[in-house]
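A.B. asks: Chain order of the listed sequences is A and B.
For the first sequence, the working numbering gives the first residue as 1, with consecutive numbering after it.
For the second sequence, the working numbering gives the first residue as 172, with consecutive numbering after it.
Hints in this document: simulated from the structure, not taken from any laboratory.
Backbone N, C-alpha and C fix where the C-beta goes; we use that ideal spot for every residue, glycine too.
A few of these clues could be false.
Among chain B residues calculated to face chain A with C-beta under 10 Å, some are [as the list claims (entries may be wrong)]:
1) 187
2) 248
3) 252
4) 260
5) 326
6) 343
7) 347
Straight-line alpha carbon distances no greater than 27 Å define the calculated DSSO-like cross-link-like pairs of lysine-lysine that follow [as the list claims (entries may be wrong)]:
8) 39(A) / 173(B)
9) 192(B) / 236(B)
10) 141(A) / 246(B)
11) 143(A) / 290(B)
12) 250(B) / 173(B)
13) 359(B) / 246(B)
14) 23(A) / 192(B)
15) 141(A) / 192(B)
16) 141(A) / 236(B)
17) 143(A) / 250(B)
18) 290(B) / 359(B)
19) 72(A) / 192(B)
20) 72(A) / 246(B)
21) 250(B) / 290(B)
22) 23(A) / 290(B)
23) 246(B) / 290(B)
24) 246(B) / 355(B)
25) 23(A) / 236(B)
26) 250(B) / 236(B)
27) 143(A) / 173(B)
28) 143(A) / 236(B)
29) 143(A) / 192(B)
30) 236(B) / 255(B)
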Amino acid sequence: MSFTDYFVPCVILAILFFGLIAKTNVFDTFIEGAAQGLKTTADILPALICLMTCIGMFKASGGIDLLSGLVKPVTDFFGFPSEAAPLIFVRPLSGSGALAFYEEIINTYGPDSFIGQVASTVMGSSETTFYTLAVYFGAVKIKNTRHALPSALSADLTGWIAGAAAVRLLL
Amino acid sequence: MKFFFFIIVFFSVVLGIVNGKMPEVSQAALTECTAAVTLAISLCGTICFWSGIMNIAENAGLVAKLSRLLSPLLKRLFKGIDPKGAAMNYIMLNLVSNLLGLANAATPAGIRALEELKKEENAEDIATDNMVIFTVMNTASLQLFPTTVAAIRANHGSAAPLEILPGVWIVSALALTVALTAAKLLSKVFRYGKKKGDTS
Chain A
1 MSFTDYFVPC
11 VILAILFFGL
21 IAKTNVFDTF
31 IEGAAQGLKT
41 TADILPALIC
51 LMTCIGMFKA
61 SGGIDLLSGL
71 VKPVTDFFGF
81 PSEAAPLIFV
91 RPLSGSGALA
101 FYEEIINTYG
111 PDSFIGQVAS
121 TVMGSSETTF
131 YTLAVYFGAV
141 KIKNTRHALP
151 SALSADLTGW
161 IAGAAAVRLL
171 L
Chain B
172 MKFFFFIIVF
182 FSVVLGIVNG
192 KMPEVSQAAL
202 TECTAAVTLA
212 ISLCGTICFW
222 SGIMNIAENA
232 GLVAKLSRLL
242 SPLLKRLFKG
252 IDPKGAAMNY
262 IMLNLVSNLL
272 GLANAATPAG
282 IRALEELKKE
292 ENAEDIATDN
302 MVIFTVMNTA
312 SLQLFPTTVA
322 AIRANHGSAA
332 PLEILPGVWI
342 VSALALTVAL
352 TAAKLLSKVF
362 RYGKKKGDTS
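Using the sequences provided together with the hints, build the complete structure.
C.D. replies: Right, here's the structure in full:
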């Protein structure tokens, strides 16, 4: 047992406690939020169907193995498992695409394997960089984003390398 | 995304023919769509549960409380921004929503924050230093508890779905530090207000 086993139950308890103190109707508010979650799931489903199907086809054709093999010299240098490399190509571009790749990796190698743990850490500590930049700057009509992209990508690169290192050191 | 879709399917077919794996590719095309629905359904419970819990946090004013905790830090990060102004307010709202994983609240607040920054700093179509810092923070994952990852790990029988949590926090913090450092350093390279020779 580790402190992470305490994390989820304690967070739930703390939020409910806080809700009661603030005189929130915790049940009704929960239901309202959960209904919103239903909509979120429905929203991601069409994209997920598209991406999981084409990624499944790509994997079946041997494409993922080919891609992993191609980048292996580079990822080996950084101590990153090449099997999880497809994830880092897709992660900055598409959230649903990354989810589809992530599920594929966990399904193939298992959640507790080194590859599965690195994929989980990368997935949990990164964002859809290009998408976020496009939505944010697009919404406020900024054409010249200056150093936003290089800064964001340097952070992504750090996350991938550190992700593999963290699993080696911590788990 | 339209190119990604085409390219992936194109290479699947070509590689499938070359590698003699067409039966597998065909099988994947017929069954993976069902797997997507199964995945969405298995994640639905987690997504709904945490949306519900976080809705309580939001309604009970936890977001506002946490914003106050972050405020001294943000004052230092966003130089020249009125600490009590609308821009700072939306920045705090966005960052706290991100920390709690409230994606539905984070994006609208983030866009409002950029609009206000644009107004406060009289920017036209070139991003100011503060706008870059803010957006780059949003491209780093600030979420404290990655629910989707935890759910997928648990669904696949992980012995300890949350054992990655300390690693995720450290890596997120490291990536955020690099993002902010890069944003500060590179702002000297990509100078603000230079019209020609600028790359975007």
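A.B. asks: When the structure is checked against the list of hints, which entries are broken? Sort them ascending.
C.D. replies: Structure breaks hints 2, 3, 4, 9, 12, 14, 15, 16, 20, 22, 28, 29.
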